[in-house]
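Chains as they are written, first to last, in UniProt numbering: chain P, 1 to 250; chain V, 1 to 233.
Because the hints were derived from the structure by calculation, they are not lab data.
Where a beta carbon is used, it is the ideal one built from N, C-alpha and C, also for glycine.
Do not rely on the hints blindly, as some may be mistaken.
Chain P is nowhere near these chain V residues, computed Cβ spacing over 10 Å in every case [as the list claims (entries may be wrong)]:
| id | residue |
| --- | --- |
| 1 | THR68 |
| 2 | GLN70 |
| 3 | LEU85 |
| 4 | PRO102 |
| 5 | HIS105 |
| 6 | GLU107 |
| 7 | THR108 |
| 8 | ALA111 |
| 9 | VAL210 |
For lysine to any residue, the following SDA-like pairs were computed, each having C-alpha atoms within a straight-line distance of at most 25 Å [unchecked claim]:
| id | chain 1 | residue 1 | chain 2 | residue 2 |
| --- | --- | --- | --- | --- |
| 10 | V | LYS126 | P | ARG43 |
| 11 | V | LYS126 | P | VAL31 |
| 12 | V | LYS44 | P | ALA163 |
| 13 | V | LYS44 | P | ALA90 |
| 14 | V | LYS44 | P | GLN38 |
| 15 | V | LYS44 | P | ALA159 |
| 16 | P | LYS61 | P | ASP75 |
| 17 | V | LYS135 | V | LEU180 |
| 18 | V | LYS126 | P | ALA159 |
| 19 | V | LYS44 | P | ASP75 |
| 20 | V | LYS44 | P | ALA39 |
| 21 | V | LYS126 | V | LYS44 |
| 22 | V | LYS44 | P | LYS178 |
| 23 | P | LYS239 | P | GLU210 |
| 24 | V | LYS44 | P | LYS74 |
| 25 | P | LYS178 | P | ALA111 |
| 26 | P | LYS74 | P | GLN85 |
| 27 | V | LYS126 | V | GLU151 |
| 28 | V | LYS44 | P | GLU210 |
| 29 | V | LYS44 | P | ALA221 |
| 30 | V | LYS126 | P | GLN85 |
| 31 | P | LYS239 | P | ALA171 |
| 32 | V | LYS44 | P | ALA35 |
| 33 | V | LYS44 | P | LYS61 |
| 34 | V | LYS126 | P | ARG37 |
| 35 | P | LYS239 | P | GLN85 |
| 36 | V | LYS44 | P | ASP46 |
| 37 | V | LYS126 | P | ASP46 |
| 38 | V | LYS126 | V | THR68 |
Below, each chain spelled out in residue letters.
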Amino acid sequence: MTIDWWTLALQAINVLVLLYILSRFLFRPVVAMMAERQAAATRDLDAARAARAAAEAEQAKATAETAVISAARKDRLDAATAEAQAQKDALLATARAEAEALRAAAATDIARARATAAREDADRASRLAVDIAARLLARVPAALQVSAFIDDLAAGVAALPEASRAALVAAEGPLRLKAPRPLTDPEVRACRDQLAAALGRDVTLTLEVEPALIAGLQLDAPHAVVRNTFRADLDRILKELTRHGTRHGT
Amino acid sequence: MQSPLVTEALFHLGPVPITAPVAVTWGILAVLGGGAFVATRRLKLVPGRGQALLETIVATIDAQIRDTMQADPAPYRALIGGIFLFVLTANWVSLIPGLEPPTAHIETDAALALIVFAATIGYGIKARGLVGYLKTFAEPTWVMIPLNVVEQITRTFSLVVRLFGNIMSGVFVIGIILSLAGLLVPIPLMALDLLTGAVQAYIFAVLATVFIGAAVSEGEAPAPRRDSLQKER
Numbered sequence: 001m002t003i004d005w006w007t008l009a010l011q012a013i014n015v016l017v018l019l020y021i022l023s024r025f026l027f028r029p030v031v032a033m034m035a036e037r038q039a040a041a042t043r044d045l046d047a048a049r050a051a052r053a054a055a056e057a058e059q060a061k062a063t064a065e066t067a068v069i070s071a072a073r074k075d076r077l078d079a080a081t082a083e084a085q086a087q088k089d090a091l092l093a094t095a096r097a098e099a100e101a102l103r104a105a106a107a108t109d110i111a112r113a114r115a116t117a118a119r120e121d122a123d124r125a126s127r128l129a130v131d132i133a134a135r136l137l138a139r140v141p142a143a144l145q146v147s148a149f150i151d152d153l154a155a156g157v158a159a160l161p162e163a164s165r166a167a168l169v170a171a172e173g174p175l176r177l178k179a180p181r182p183l184t185d186p187e188v189r190a191c192r193d194q195l196a197a198a199l200g201r202d203v204t205l206t207l208e209v210e211p212a213l214i215a216g217l218q219l220d221a222p223h224a225v226v227r228n229t230f231r232a233d234l235d236r237i238l239k240e241l242t243r244h245g246t247r248h249g250t
Numbered sequence: 001m002q003s004p005l006v007t008e009a010l011f012h013l014g015p016v017p018i019t020a021p022v023a024v025t026w027g028i029l030a031v032l033g034g035g036a037f038v039a040t041r042r043l044k045l046v047p048g049r050g051q052a053l054l055e056t057i058v059a060t061i062d063a064q065i066r067d068t069m070q071a072d073p074a075p076y077r078a079l080i081g082g083i084f085l086f087v088l089t090a091n092w093v094s095l096i097p098g099l100e101p102p103t104a105h106i107e108t109d110a111a112l113a114l115i116v117f118a119a120t121i122g123y124g125i126k127a128r129g130l131v132g133y134l135k136t137f138a139e140p141t142w143v144m145i146p147l148n149v150v151e152q153i154t155r156t157f158s159l160v161v162r163l164f165g166n167i168m169s170g171v172f173v174i175g176i177i178l179s180l181a182g183l184l185v186p187i188p189l190m191a192l193d194l195l196t197g198a199v200q201a202y203i204f205a206v207l208a209t210v211f212i213g214a215a216v217s218e219g220e221a222p223a224p225r226r227d228s229l230q231k232e233r
């Protein structure tokens, strides 16, 4: 067995050349690409971490803003609630006051209406009583309707104030005498006599029939009127009653 | 009868005889170099199947170097990875009819072993300096100097003989069986040769790594590193 030194040398050169070629065209590019990929992955990871950190920061910021907004919302809600409560209380107080005023006004109106109604009732009752009395008095016998009042008529004339009585005495012409029914002659004479005695002069009478007088006599002169009738009495009573009623009502 | 171990020159370039192993090695050089050039022309960040295969090969070589030497594989990647790829390819050349593996001839194995020997010395001197590297021959005592020197030579020689013996014997066995039996009979043995070729390529590369790693790690004082690692743990 012999060793071919030329072959050995050539093979050593071949292997060295191959090692260089593989180093230059295989290992170096592949390793560079792997390193580049690793760098890209690291870069992407760093970017992802940075993005994640930024996102977390944004999230924290958003959370803080949300908290601030929530606090502001709560404050505004509280303020709005307090304001609404105050307005509600004010409205309630106003409404109560208005209701109270309305109630007081209504009570006043009711009391006034009640007083008015009572007065009106009293007036109606007075008129009804006067009407009843008038109807009852209308049942007085015809003989009594005049004769019983002649003396009182004369007394009334005599009781007139001096000036009125002087005017009545000085009056010229007939005196107008009103009666509820036509007078009989005796009654006319009695009336003329009584009046003449009261006035101190002769009297001429003009007779008029006024059924509304019910009973009694009424002497009309130009300056004086002497009433001695149930109607005059009833009117006076009615006036007195309604005047009292008005007082009570007010 | 001529010995099969004798290599006949195919032709001469001036005074230089070109033998079959040299020619086959040129072919391997062309195929590996051209393939590497073509395969790495369009590398992308997102690898395809071919790129993924290349990266897997490189990553595996790196991992093997790192595990064996406990060091950064970058300075040794080209040497160890290139030797592994060349030896593997050369061993599998026997699959092509009419071709013999260059590693079945002792000149090729001797060339590879000489390169490893030189690389071991070179990396050792680079790591420790010339004096420091020479001092390693006197460890643990100066008495060991002759033995260490002999060890350097014999382990290199063992590299040569191991690879040469395995590949050459495979070629011989297949040739003998092919001459005695039929055409398809040697196929199982050829499959065994594939396995043997891969294993021998791996062993050659790993031994080269171990030799270089030993020269370098002695220079890097591995004991304190181990302590520091234990402390870190």
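Going through the hints against the structure:
{"no.": "1", "hint": "THR68", "result": "holds (17 Å)"}
{"no.": "2", "hint": "GLN70", "result": "holds (19 Å)"}
{"no.": "3", "hint": "LEU85", "result": "violated (6 Å)"}
{"no.": "4", "hint": "PRO102", "result": "violated (7 Å)"}
{"no.": "5", "hint": "HIS105", "result": "violated (7 Å)"}
{"no.": "6", "hint": "GLU107", "result": "violated (4 Å)"}
{"no.": "7", "hint": "THR108", "result": "violated (5 Å)"}
{"no.": "8", "hint": "ALA111", "result": "violated (4 Å)"}
{"no.": "9", "hint": "VAL210", "result": "holds (19 Å)"}
{"no.": "10", "hint": "V:LYS126 - P:ARG43", "result": "violated (35 Å)"}
{"no.": "11", "hint": "V:LYS126 - P:VAL31", "result": "holds (23 Å)"}
{"no.": "12", "hint": "V:LYS44 - P:ALA163", "result": "violated (151 Å)"}
{"no.": "13", "hint": "V:LYS44 - P:ALA90", "result": "violated (80 Å)"}
{"no.": "14", "hint": "V:LYS44 - P:GLN38", "result": "holds (13 Å)"}
{"no.": "15", "hint": "V:LYS44 - P:ALA159", "result": "violated (152 Å)"}
{"no.": "16", "hint": "P:LYS61 - P:ASP75", "result": "holds (21 Å)"}
{"no.": "17", "hint": "V:LYS135 - V:LEU180", "result": "violated (56 Å)"}
{"no.": "18", "hint": "V:LYS126 - P:ALA159", "result": "violated (172 Å)"}
{"no.": "19", "hint": "V:LYS44 - P:ASP75", "result": "violated (60 Å)"}
{"no.": "20", "hint": "V:LYS44 - P:ALA39", "result": "holds (14 Å)"}
{"no.": "21", "hint": "V:LYS126 - V:LYS44", "result": "violated (35 Å)"}
{"no.": "22", "hint": "V:LYS44 - P:LYS178", "result": "violated (148 Å)"}
{"no.": "23", "hint": "P:LYS239 - P:GLU210", "result": "holds (21 Å)"}
{"no.": "24", "hint": "V:LYS44 - P:LYS74", "result": "violated (58 Å)"}
{"no.": "25", "hint": "P:LYS178 - P:ALA111", "result": "violated (45 Å)"}
{"no.": "26", "hint": "P:LYS74 - P:GLN85", "result": "holds (16 Å)"}
{"no.": "27", "hint": "V:LYS126 - V:GLU151", "result": "holds (21 Å)"}
{"no.": "28", "hint": "V:LYS44 - P:GLU210", "result": "violated (144 Å)"}
{"no.": "29", "hint": "V:LYS44 - P:ALA221", "result": "violated (149 Å)"}
{"no.": "30", "hint": "V:LYS126 - P:GLN85", "result": "violated (92 Å)"}
{"no.": "31", "hint": "P:LYS239 - P:ALA171", "result": "violated (31 Å)"}
{"no.": "32", "hint": "V:LYS44 - P:ALA35", "result": "holds (12 Å)"}
{"no.": "33", "hint": "V:LYS44 - P:LYS61", "result": "violated (40 Å)"}
{"no.": "34", "hint": "V:LYS126 - P:ARG37", "result": "violated (31 Å)"}
{"no.": "35", "hint": "P:LYS239 - P:GLN85", "result": "violated (61 Å)"}
{"no.": "36", "hint": "V:LYS44 - P:ASP46", "result": "holds (21 Å)"}
{"no.": "37", "hint": "V:LYS126 - P:ASP46", "result": "violated (37 Å)"}
{"no.": "38", "hint": "V:LYS126 - V:THR68", "result": "holds (19 Å)"}
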